[in-house]
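Using the sequences provided together with the hints, build the complete structure.
Protein chains in written order, with this note's numbering: chain V, 1 to 370; chain C, 1 to 204; chain G, 1 to 622.
Hints are not guaranteed to be accurate.
To be verified - Derived coverage of chain V by chain G (criterion: at least 3 residues anywhere in the stretch with Cβ under 8 Å from a Cβ of chain G; other residues may be distant):
1) 42–55
2) 63–70
3) 80–90
4) 110–123
5) 220–232
Claimed, not checked - What the simulated footprint calls covered on chain V by chain G, stretch by stretch (three residues with Cβ under 8 Å from a Cβ of chain G suffice, anywhere in the stretch; the number is not a length):
6) 27–36
7) 171–178
8) 198–205
Think of the hints as simulated: they come from the structure by calculation, not from any bench. Quick reminder that beta carbons are idealized off the backbone N, C-alpha and C, glycines included.
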Amino acid sequence: MRTRTRLILGLAALAASAAACAPNAQQDSLNPQGPYADKIYDLFVPVFWIAVGVFVVVEGLLLFIALRYRRRKGRAAEIPPQIHGNNRLEIGWTILPALILAGVAVPTVTTIFDLAREPQGDVLEVNVLAHQWWWEFDYPQEGVNTANELHIPTGRPVYLTLCAVGLGYEDQPTPSVCQPGPPDGAIPAAIGDGVIHSFWVPELAGTQDVVPGQANTLTLQADAPGRYSGQCKEFCGLSHAYMKFAVVAHTPEDYDAWLRGQQADAVMPESGSLAATGMDVFLGQCIACHAVQGLEDANGNPVVANGGPNLTHFASRECFAGCWLQNDDPEELAAWLDNPAAVKQGSWMPDYGLTPDEIDAVVAYLKGLT
Amino acid sequence: MQEQAAIHVFESEHEATSTGLPNVKLAMWLFLASDVLLFGALITSYVVYRGRSVVGPYPNDVFDIPFTSVSSFVLLASSLTMVLALASVQRGDLPRMRLWLLATALLGLAFVGGQVYEFTTFYEEGLTLTTNVFGTTFYVLTGFHGTHVAIGILMLLSLFSLSFGGRITQRNSMTVEIVGLYWHFVDIVWIVIFTVVYLIPTGP
Amino acid sequence: MASVSVPTTGGRAGGLLRRPTATTGFWSWVTTVDHKKIGILYGVTAFAFFIVGGTEALLIRLQLAQPDQALLSPSVYNEIFTMHGITMVFLVVMPLSAAFINYLIPLMIGARDVAFPRLNALSYWLFLFAGIFIYSSWFLGGAPNGGWFGYAPNAVLDPTRGMTFYAIGLLMAGVASTVSAINIAVTILNMRAPGMTLFRMPVFAWMSLVVQFLLAFSLPIITVALFQLLFDKRFGTHFFDSVAGADPVLWQHLFWLFGHPEVYILILPAMGIVSEILPTFARKPLFGYQFVVFSGIAIGFIGFGVWVHHMYAVGLGPIANTAFGISTIIIAVPTGVKIFNWLGTMWKGDLTFPTPMLFAIGFVAMFVIGGLSGVTHSVVPADYQQTDTYYIVAHFHYVLFGGAIFGLFGGMYYWWPKVFGRKLNEGLGKVHFWLMLIGFNLTFGPMHVLGLQGMPRRIQTYPEELGLTFWNLVSTVGAFMIALAVLLFLINVAMTQRKPKAMDADPWDARTLEWLTTSPPPEHNFDEIPTVHALDEAWHRKYVETAPGRVVPVPAGGSGADEAASAGHGVHLPAPSYYPVVASLGVLLLGYGVVFSWWLAGVGAVVMLAGLYAWALEPSVE
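Pasting the structure below:
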């Protein structure tokens, strides 16, 4: 028993130390990169160590007792004193844990309220719309709408309003405050089912669920420029695993530049180029769902969103399809355009039966949408 | 001899129990306690969704309080007849017991009939199970209650017919008492539903 | 015994209502109302589902062993993890606990059977048919795929039949458990042996009593939720339809109002088992008996007041989150009290470590870890990171596997001699324990790290860049070690059951009444119902107190097991019956009917009603 015990303890210590240095963890809640994630981390770490302390004491006691009071060979088995209990001990080990827990409760409650408070000052407001299975980011004051990547400036609190978008029971779009909709009161079109999602970018903030019919809020802030990985955490159907996103933090100057770039109309392809052919295919099929600012359809109407991601500056982003695929990888793009549901099971984007030539052309067009 | 005694230990409705309450009675109380939570969840769902329907008809459009008051009174009266039925069997008066059992069942049927009439009227006025949240929560709540009443009526009529075969007697009057407990419970639940759903004024 | 007390016409009712007579063979098992046989039925069935649920787990672990794999497509993966959860919670741990409760409670309280033996049989058959019903969905349009917790609107909007099977199957299982809860509660409250006051009852009986109340009060709530889900799917009602003004979160409230008491339902019986095993192999009474009992009751009560801790990220607001954060922190206190009392039981004992004791100690060790991670969840802001990640998966597997399953295995090794008249092989048992302990920690320990470092739950795969590969692989290896350990257990069982029955009444020198009768007990349990004078009555018949706390064996001739192999003279037992199975079959048909055809539902309802009426009217004795 002694050697086995040592073996287990050794393995446990090894595991614990290895855990602390798992490389490459991109969504690491133990690596906070902003004040809101810091607050959570600063609360969790001391509680964790208290828990470790209790673990050591209790498991240590257990091991000690098991070894110390085991029946030794060769000794007559005597019936030990029949102790029924000890009231003082009972009171003690009720009150002591209660005190420790009360100590934990106080900073817990203050942090809850801290995190729930609407930020003051120079706040960037963004609407986050969760679809099956991709994230839409809408900047109402800046007039920018993008997908899969949430770009923010460093050092400023970003106040997110979270809305779930999709079709409800009778294929009616679920209403959301993030999409005020046109004056006639119609609810903007939606594709996919309106289910619960959850917005989580652990290095910048804790989670908040995205519930149809509710407008939840979440504040995050990045201290330093960088790309922070995030993912949907609430099971939302077939391609739940494929609903990632990235938060890209820029210095304030870079952010302004990004903003200006996003506010511009889409780049028009050179006439006669492969990309121009692609644009024609695009105008034939894709504008059923996708918006491209500055493009007009055959009737001279602007191409606006109708349930799909905004592609105006598609090539300015690194990832698409729930941030699962790379925008600059023509093979991934082609595979996606050929048969979206084969890449991402359940995808609501239809397979338009495009020929390989048409696909090449569309890829060329999309790559031009910087 | 011992064998006879042993048989009676099992079959006697007054076997010795640690609490003093006979097993079936304790079981019925526990079941009713459990049923309180069932109706609690249904009523809570109704209350939480009150005023949240996006389209009509709304409660004030369809409710006929005087009518429902009458059918509520009918159900209440059936509790009285149930008490009388139990009193009768406890003093050994089987014909009276049958009379009051039948009366209870008939009053219950009248209540259910009133519900059916009421729901048909609502349906004609455009309130179905799927029209809006009000229809959904209202029909499911009252439907569960109505089903409980129907099961109660089945039990009452079973007691009624079994008594003709000599199977309900003064000795096992506890059977009637237990059905009575269930029936009174169903009545009390209706009082709560009637108050919360019909009587408490709401917005649209 | 007629549950509705209707006098018979003297035992000569013939024809349809004749009671079955088989006492051995297949039909005796189908018509049995003996709590011991029913306990064995529960145990065997639950263990079979354990193998199935474990296989589902192995498939999950294979799929997640490496990033970007497609061994299981998302649709299949979603069915598998959903069925794994449903199986382990409803078809394994609950019925395994029921197996122990059914077999042991009457023996422990000195009764001959439960209060309503036919109702007891009904509960078993309904459970079995519910399991068959849910599993048949694989072949009938798709298994449940919305998670064991079936959140709306996803569960409603899913186009396959899976979640309809889920709703109906769990409704069936819920009725089985509700009925059983009432039965066992009445048994414990009403049928204790003379002299056995509530505070002379074994802790296992107390924990079982609390569990029955938890079941009776929590199941109705999920019943309502499941009906609402079923109606939304089947009839187009709007319970969770945000477009119509309803709130998808209502499902979560109702589900977790059940779901949280449910986890105490899952753990308390195992805690009761551990509270019986530790004193036996420490040769000392349970330390702080009343405190262990009261903490169990407290956990039961407070358990109804913490449900929102499953919903901290839903957006209910800081006040709600604070209130439930505090109630969740509070519930850690009575849980800790139990742990300390178990340590106190072992303190200064004369400890030996046969397999049951290893599992009991393993329970304590693993449950402490699961309990501590639970405390970290109660720190609400920390839970904003932890919720819906593998950190939570780690927590509940530590308490439900390291806790409940270890406790239940301990119980199997402990009571095997009583139930089957043979002891499971010790050598194999020890290997089983150590292999399972190591495998279990390898599987679920790393999940703490995976969760904190970014791995959400319920994902069919993960990309390489997230850096989650190493610990996922370790976890998969651990899972196969667990499988090997379970295989060893099965081999042990097969070997053991071949041996002849040759067991003493009291092979472990234990403390409770079941050890007073033969191994296995006769059908009537005790020749004479024992009169109880103290807590740990059986121990006090063997050992007498000479000085405070000091005991010596009672001089020979006076005691020990007072059973003779007599044939139970003069004890009449409740007769077997067909109607629990018949009524359950009716319910099964009704269930299929709700999915496929109203005619079939009608037939099912008629069969069920006919079964119930025949049950009420069949004669008590032959």
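In rising order, the numbers of the hints this structure does not comply with: none
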